[in-house]
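S.K.: Heads up: the sequence shown runs through residues 1 to 393, numbered per the working numbering.
These aren't lab readings, by the way, just hints derived from the structure by calculation.
What you are looking at is a predicted structure, and each value in this text was computed from that prediction instead of being measured.
Wrong hints could be hidden among the right ones.
With beta-carbon atoms standing in for the labels, derived distance ranges [unchecked claim]:
#1 Thr-14 - Asp-230: 20 to 28 Å
#2 Gly-245 - Asp-354: 54 to 62 Å
#3 Asp-230 - Arg-70: 18 to 26 Å
#4 Asp-155 - Ala-56: 22 to 30 Å
#5 Asp-307 - Arg-175: 35 to 43 Å
#6 Asp-144 - Leu-317: 31 to 39 Å
#7 Asp-345 - Gly-245: 34 to 42 Å
Beta carbons are placed, not taken as given, at the ideal position from N, Cα and C, and that holds for glycine.
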Amino acid sequence: MGMDTRRTTRALATEAVHAGRDDLAGLGLHAPPIDLSTTYPSYDSRAEAARIDAFATTGAEPDGPPVYGRLGNPTVARFETALARLEGTESAVAFASGMAALSAALLVRGSMGLRHVVAVRPLYGCSDHLLTAGLLGSEVTWTDPAGVADALRPDTGLVLVESPANPTLAEIDLRAVAHACGSVPLLVDNTFATPVLQRPAEHGARLVLHSATKYLGGHGDVLAGVVACDEVFAGRLRQVRFATGGVLHPLAGYLLLRGLSTLPVRVRAASANAAELAARLAADPRVDRVHYPRIGGAMVSFEVNGDPHEVIAGVRLITPAVSLGSVDSLIQHPASISHRIVDADDRRGAGVSDRLLRLSVGLEDVEDLWADLDAALGERKAAPARPEALAQG
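Based on the provided sequences and hints, a complete structural model is requested.
M.R.: Structure (structure tokens):
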């Protein structure tokens, strides 16, 4: 037999298709099985007690068969394995939503007496509200990226950033922020970029958060969140998930694993559409300013000269709805919906103007999308667009 010349590391596109499924052929299966059990039989209660004690100590996944659906699920574990591979981390822990995932991370640090959070605006509106309202007993210091080091305190548990940010698409130098954090874990919300465009762990982030509802699922039919991280932090997250019950349903885990298989193709195709629409919007006199990140991606934000509500009411192909990352295009007015819960002055101070619209670009033909936007923008005219109308970063 000749030498095996297969590579020991696999490209992202290959991992997206195969990670979490490597054992299937050996099991005589092609599609991942869906395990819907909520509980599992065990005739050795002494051994079961020992396994439960071990989980209580470290949060490590128990060896052997599953114990109980709130502790873990084999189908969900496949998705967690795959997402960790894509993000380049040891582990990942999935939750019932992105907010449940963020809450668990805050609770892990808060349980250690580290309730202070340093955060950079803008963040997703509900993330902002969770911190500002102190709903989990946390205290937040808002700062810009350059002020992170000075904002740290002895009780700082996390530094939280989102890049590209929701909804302005502002970008942060993750490596610089990670350096400024010192020993404090940096949590990066990577929902908009996905591991296709950015892997924050490679830049020093300890925690990578996704609203998996968005691009990871990719079809608008699953609600989920996930944190990719090292195994030590994952153990604590599993303990919080078990105690608080924010578990992911196995059918959602199955849909997410299926979504990952097309993630690189979907993100790149939608990003090509978004870049084209961003360029056209920047040249349009009815648009004041366009935000599109240097990293690329499928999100575009733009500020109209006229009434943004008329644009929302005028689309026909694009769906006026919250959320993002689906195969179809969605548009919404952040100041009215996704960031309504944020104080108006804080919202505007973070660059979320009342005339800003957020567009999640899908996989439709770009000419059809542009025709819909053009009609929705209507006859409002203004001075020719300025050269700096396309804002990056």
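S.K.: Each hint: holds or not?
M.R.: How the hints compare with the structure:
1. Separated by about 24 Å at the C-beta atoms, Thr-14 and Asp-230 satisfy the suggested range of 20 to 28 Å.
2. Separated by about 38 Å at the C-beta atoms, Gly-245 and Asp-354 break the suggested range of 54 to 62 Å.
3. Between Asp-230 and Arg-70 the beta carbon distance is about 23 Å. The supplied range of 18 to 26 Å therefore holds.
4. Distance hint for Asp-155 and Ala-56: a CB-CB separation of about 26 Å, consistent with the stated range 22 to 30 Å.
5. Under the hint 35 to 43 Å, the C-beta atoms of Asp-307 and Arg-175, about 41 Å apart, fit the expected range.
6. For the hinted restraint 31 to 39 Å between Asp-144 and Leu-317, the CB-CB distance of approximately 38 Å keeps it satisfied.
7. Asp-345 and Gly-245 have their C-beta atoms about 36 Å apart, which keeps the hinted 34 to 42 Å range intact.
In this structure, the one hint that does not hold is number 2.
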